[in-house]
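S.K.: Take a look at the letters that make up each chain.
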Amino acid sequence: MQIELWINEKKVRAAIEPDTLLIDFLREQGCSSVKRGCETSNCGLCTVFMDEKPVLSCSVLAARADGHHIVTLEGLKEEAEGFGAYIADQGAEQCGFCNPGFMMNAIAMFRENPDPTDDEIREYLSGNLCRCSGYEGQMRGIKAYLAFCRQKGGQA
Amino acid sequence: MIEIQNYVRAESLAQAYELNQKKSSAIIGGMLWLKMEKKRVATAIDLSGLGLDMIEETPEEYRIGAMVTLRQIETHTGLNALTDGAARESVRHIVGVQFRNLATVGGSIFGRYGFSDVLTFFMAADARVELYHGGIVSLEEFAGMPHDRDILVRILVPKTKGHMVYLSQRNTQTDFPVLTCCAAKRGEAVCCVIGARPMPAVCVRDGDGILAGGIREESAVAFGRYVRERVTTGTNLRGSGEYRSILVEVLTKRALLGILEREGEAERAD
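Line by line, the protein sequences give chains G and U.
Residue numbering for the first sequence follows our numbering, starting at 1 and increasing by one per position.
Residue numbering for the second sequence follows our numbering, starting at 1 and increasing by one per position.
There's no promise every hint is true.
Derived DSSO-like pairs (lysine-lysine); straight-line CA-CA distance at most 27 Å [said to hold, decoys possible]:
1. U:Lys38 <-> G:Lys35
2. U:Lys39 <-> G:Lys35
3. G:Lys35 <-> G:Lys152
Since the hints were derived computationally from the structure, they do not count as laboratory data.
The following block holds chain G by itself, in its conformation from the complex (with noise of 0.2 Å):
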């Protein structure tokens, strides 16, 4: 079957399995940022945005985001360096295989609530795991940078 939708702003027409997983549809059209990391829909490296809400993009069907807008971390490349270097700076991630689907939480936890408290962030970002990490260091990256872009006075 035939779909229509939009990644990273560019518009895309493609043939797809009427099963594909909108996470194998995103990683064939060059979106290798998008990572399986289990098969229960639990770990949240696939996120994705799809109408500017974070989402698995392993449980959602290629088909059902026909005609809709998906976000990748290769569309967010100027947000994701800002906030990235201050993980990188702790030394939050040793494989860094879970960061594109935390970085693109985060992001939209910040887009949701630029100043949020700990246990707000915590609750946010509960479904994205780390396995080589105590998230302790991804925590402190986040308090840094959200103090940075109060700094600022703009937004995070």
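Using the hints, position chain U against chain G.
M.R.: Relative to the frame of chain G, chain U by itself:
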């Protein structure tokens, strides 16, 4: 993993209903649970094009479309004001934001899952379900009905004023619950819904008038025992039936004391 031979974004409920009469069809909801089943689906029916992703408000009730996500329930101001935040509390522990942006109310309720936070909450909220073929049925009745090929269109939540407290016990954050408990008091009537037993949620009312003199520490303890005696629990890898029965008693008591606290707060606010 699920295999799908045809995908149809339904253009009407009538079309969806007709397609769904075949055993090889499936309504895909949020597809989170379905995806993990080893199953071949001839026609996957998607209800996402029917405008059922909205929470509508009338003077009497909230009308929640089947494709409304758990995240919408979590963040809806009116529904949370009505339920003392029980709506949010019932879903916020479910996996993560990205998951809850996909999981639908319709899928969660129609499945009548034995682990369901969502079923527990809506039953305590005195909700009714609107079925395409079967009409409007109380959720309590629906939970016990055999699974058929009807379509759940909406969940209807009456705006009856009262107080609610939702509690769940989990072995670890974001996991399935070991037990769920939602108590509600509307007027003088108290009900307590116990779910994740691990069987579909059930509602227990105060048949013996234990709480007739109001909720107090002693009557809350007594009602906890009363609910425990009436709710069957079972064993799975998350906990034993015996452990769950203890949880029934403790969570019921705590939920009632939570309601007592809210009654006090409301009185002081008046």
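S.K.: Work down the list of hints and note, for each, if the structure agrees.
M.R.: Results of checking the hints against the structure:
{"no.": "1", "hint": "U:Lys38 <-> G:Lys35", "verdict": "holds (22 Å)"}
{"no.": "2", "hint": "U:Lys39 <-> G:Lys35", "verdict": "holds (24 Å)"}
{"no.": "3", "hint": "G:Lys35 <-> G:Lys152", "verdict": "violated (32 Å)"}
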